[in-house]
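Q: Here is how the chains run, residue by residue.
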Amino acid sequence: MKVNNGTIVICLIFLQCVCVYAQSPEKKGLEIALETDKRTSGFGDFTAEMKMVLRGKGGRESFRKIRVRTMEMENDGDKSLTIFDSPPDVKGTALLVYTHKVGDDDQWLYLPALKRVKRISSRNKTGSFMGSEFSFEDMGSLEVEKYTYKFLGTETLKKRVCFVLERYPVDHKNSGYSRIVSWLDTREYRAWKEEYYDKRNKLLKNLVLNDYRIYLEKYWMAHTMKMVNHQNGKETDLNWSKFSFRTGLSDRDFNKNSLKRVK
Amino acid sequence: MNALKKLCNEIFGGIARWSFRHKWLAICIVLALFIPLVLQLPKLTVDTSNESFFRPDDQVLVDYNEFRNQFGKDEFIVAAISSPAIFDLDFISKLRDLHNEIEAKVPHLDELTSLINVRNTRGEADELDVEDFLEKWPTDQSDLDTLQKRAGENTLYENFILNKKNTFTSIMIKPLACNPNSEEIRQDEGTCQPMTNTQNREMVMALSSIVKKYNKEDFRIYVSGMPIVIEYLNITLEKDLAIIIPMIFLMVIIFLGLLFKRITGVVYPVLVFTISLVSAIGVQALLGIPMTNITTILPSFMLVISISDSVHILALFYPAYQRTGNREEAIVAAMKHSGLPVLMTSVTTAGGLVSFVAAEVAPIADLGVVTPIGVFLAFVYTVLLIPALLAVFPVKLKESLSVKIATLDKIFAQIVSITCERQFVVIGFFTLLLGLAIAGIAQLRFEHNALKWFPKDSEIRLATEKIDQEMKGTVSFDVVIDTGTVDGLYDPAFINALETVANKFSQYQAEELFVGKVLSLATVLKETNRALHENEQKYYSIPTNRELIAQELFLFQLSGSDDLEGLVDQQFSKTRFTMHVPYRDTSKYKNLVKDVKAEMARQFPGSTISATGVNSLFVEILNNVMKTMLRSYTVALLLISALMIIMLGKFRMGVLSMIPNLFPIIVIMGIMGWFGIPLDFGTILIGSITIGLVVDDTIHFLHNFGRYYDEYGDPTRATNRTLNTVGRAMVVTSLVLAAGFLCDLFSELTLNKYSGSLIAATILVALIADFLLIPAILSLVYKKKNVLNKVVQA
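Going down the list, the sequences are from chains A and B. Note that our numbering has the first sequence beginning at 1, numbered continuously upward. Note that our numbering has the second sequence beginning at 1, numbered continuously upward.
Please keep in mind that the hints were generated in silico from the structure rather than gathered at the bench. From the three backbone atoms N, C-alpha and C, an ideal C-beta is built for every residue, glycine too. Each hint should be verified, as a subset may be incorrect.
Unchecked claim - Residues of chain B placed beyond 12 Å of chain A at every Cβ, according to the derived structure:
(1) N65
(2) N166
(3) I235
(4) R262
(5) T407
(6) A439
(7) K466
(8) Q509
(9) A550
(10) S561
(11) R631
(12) F746
(13) K784
Claimed, not checked - Below, in silico cross-link-like pairs of lysine-lysine (PhoX-like), each with a Cα-Cα straight-line distance of 25 Å or less:
(14) B:K136 / A:K173
(15) B:K174 / A:K202
(16) A:K115 / B:K136
As the list claims (entries may be wrong) - Beta-carbon label-pair distances, calculated as ranges:
(17) A:L34 / B:I235: 31 to 41 Å
(18) B:E447 / A:K173: 42 to 52 Å
(19) A:D198 / B:Q141: 51 to 61 Å
(20) B:V486 / A:W220: 28 to 38 Å
In isolation and in its complexed conformation, chain A is listed as follows (with noise of 0.2 Å):
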């Protein structure tokens, strides 16, 4: 077949059209995080229990039990107050936190023993959170502008199609990682595997989330999370039970006065 120049042209102007309709796989992920975020608002408030189990090497275990609140907000991060049960030392202890969608969320601690309720800052998110290998970072609500996003491709995870989504902390200077890539399967948009990569980018953790059940006919809340940490052998389960939706919770649930209140 003999190409004229006319088909080179028409062929040039079909490749500049792909360009300018293919996104970036910048805009993609951005996309892919803000789609999940419209799936997993409008929910209003929920309650739920939770109980942690900490492995650590050889298998030895200890547990914690806490309660969570969580009220949305509009044009603003979550609401939460966190109960904690156990360990008995601790009973009583309460976490209220006004996450922000920019700049440093607000938390307050209430100390049974002290009476008192402290403000503690927010900054460094690295923390292990209760001695879990959950950090701070890891418990905080997800809010879209907290991260910059990359979408990798799609891999299929255990039967599912899933996207695959790289984040990247905002605030890298007071994040404990370099980047985390999650899979989300492309129906639901579900995590169901993420990985946690450490400033030097060796991978630190290894989370699996898994029992989704669906709320309201529309959200869909994982039962169990598994977070391996690569680095220390040590593991820990969040098993979760107890959602409750729209139980009618209001700002006042979510203020200083309403942590010394807690039962």
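Following the hints, put chain B in place on chain A, whose structure we already have.
A: This is chain B only, laid out in the frame that chain A set:
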């Protein structure tokens, strides 16, 4: 017995004849042994870590690994910076650059702590802040003054990040606990591998180049800590070896040349040595035994063995060849004469060293495997290769050799006349020497201080001394207190006891040893308690109730600091107590560890106390190594004496052989005492070489003496003949080896200087004892007898 010996002599003659006639086949046999072992060399690993001193299943090592998995690495590197003004905008910005560059560019680091990011627990109004010390960057002098005041109030900082006068500040650098490449393996096995030498080197080299860049007159940086000392030691050893090994070769070549005046006399022993050494290292690689601080003795050991083997054969070959002009007959005669004693020296040395296998200390046990195999390879190579090579290459017949031989013969004649006629004078003289030596042994010190191996003005020694003086410590000791109960650490009585111990040992002072810094959970609690109470200094104390302790620690943890991870386990059942101390002789640490353990046992009844961390282990194993080594030497010597009695076939002579075997060892230890050379890891090792040496000399001498005494029935004549035959070989061997080992004097490390000169001294003392003391004793014990009748009757 004599018939058996004769048979042996015939067999060795036969071997020599066979090797001579089937030269190519003999060479092929040697190559068939040698080449497969050479192919093993790439598998050789090097491990100079402290962990290498343990067998992998040793409980002490298992415990230490568990500690390291829990709390991270206990060893640290400290980069201390001296400056007239630390709270100065210019200085702290430089410090920040240095901190950031180390963090970004130095590989294999776990974490860095400096003024930039050291924990600062503060309370303001209703807020508790656990933040980096320089989180809010100061902009003017008043900010700096506030910071300086704050730093002064924080007891965590003194002797840790800042010295008392605020003229020094440190960057504490914590290397990774485990080899980063073994993380996946560790997942399965539950334990981590220590960093390799290469990784340690990469880390130290990267750090050094950054430090070099920042090191200025007003920003003087001193770097020390165990990983640095170890790396400097490795570098210096390598640098030394690169100079010393060629020098030893050169010396050996020169002395062999001078003494034999023949090319073959130089080439053959050196060849036997080279292939024996390479083969021995090949065996080590094959068996998966790493090169450790202890197994590095192998080259010296193989030098002694192989030079001795080959020289003893050649020294008898040349005169026989001069007499007969026939190479085959000459080598057969030489092997008939010396083959058996060379085999006997091999059997005794190997037999003695095999007893090391039972040692608890892994590298010593390894030595017990590799050295006996090396001894036998050297023997096989000598008896096969030398006859074969003599068959392949011609040997020149010399016009006249008589002059030199005559002088040596005259000396020998004089020796005989002194030793065999004035026995009591000789024995008296040696007894006096022995007495002096024993007086010296009384002053011998057991101590180990690798830093003192470096010259006084070396960079590492100066830096370490400076940091020890200003920051009060470069070495850490760790104790883990395990309450055995979940949340056991919340008990106020426990925390108070912890504080008591911390206070007591902060004041510790014994001889030159002091504790510069104590890091414990109590510090965290006190600072949190103060911060919760509006920073009031009077609240810098331990909370009195259990819930408050628990909740304060909880608060501390929630406020984003990961410092607790290095202090407690997840269950709050055990905690770590760390002391920073200056670099001192290991013997000085022993008492500190003992005192701490005793005090803790008193303060924490019901808890398990374990001193761990590399340095505590080192103190423990030092004693183990010393004891094991001394016991191994004793067992080896006893075993050797038993073997000698059997092989010499004369009970009295066998028993007497212990005298020339022990004498040099006692004299050398005496010399060490008199010259203040400590018995440490380095010097204790030369014992294995010494054993090989003294035994060889003694066997050669006694074997020949026995033979000639049986022949002549006259100890004087027997001594004379012995000296004239094997004596020459002994002189050659001793001079060559002594010259070789004296090359160690060119080393930068006193460790090598001492070892080299002590081995050279042993060689000469052993020779003197064999030439003077044995004949004197033997001529007293063995009387003249009429043997002619016996011979006729036989």
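Q: Take the hints in turn and mark each one as holding or not.
A: Now for the hints, and whether the structure bears them out:
no.	hint	in the structure
1	N65	10 Å, violated
2	N166	26 Å, holds
3	I235	26 Å, holds
4	R262	62 Å, holds
5	T407	71 Å, holds
6	A439	54 Å, holds
7	K466	31 Å, holds
8	Q509	37 Å, holds
9	A550	3 Å, violated
10	S561	5 Å, violated
11	R631	35 Å, holds
12	F746	42 Å, holds
13	K784	76 Å, holds
14	B:K136 / A:K173	13 Å, holds
15	B:K174 / A:K202	17 Å, holds
16	A:K115 / B:K136	30 Å, violated
17	A:L34 / B:I235: 31 to 41 Å	56 Å, violated
18	B:E447 / A:K173: 42 to 52 Å	48 Å, holds
19	A:D198 / B:Q141: 51 to 61 Å	38 Å, violated
20	B:V486 / A:W220: 28 to 38 Å	35 Å, holds
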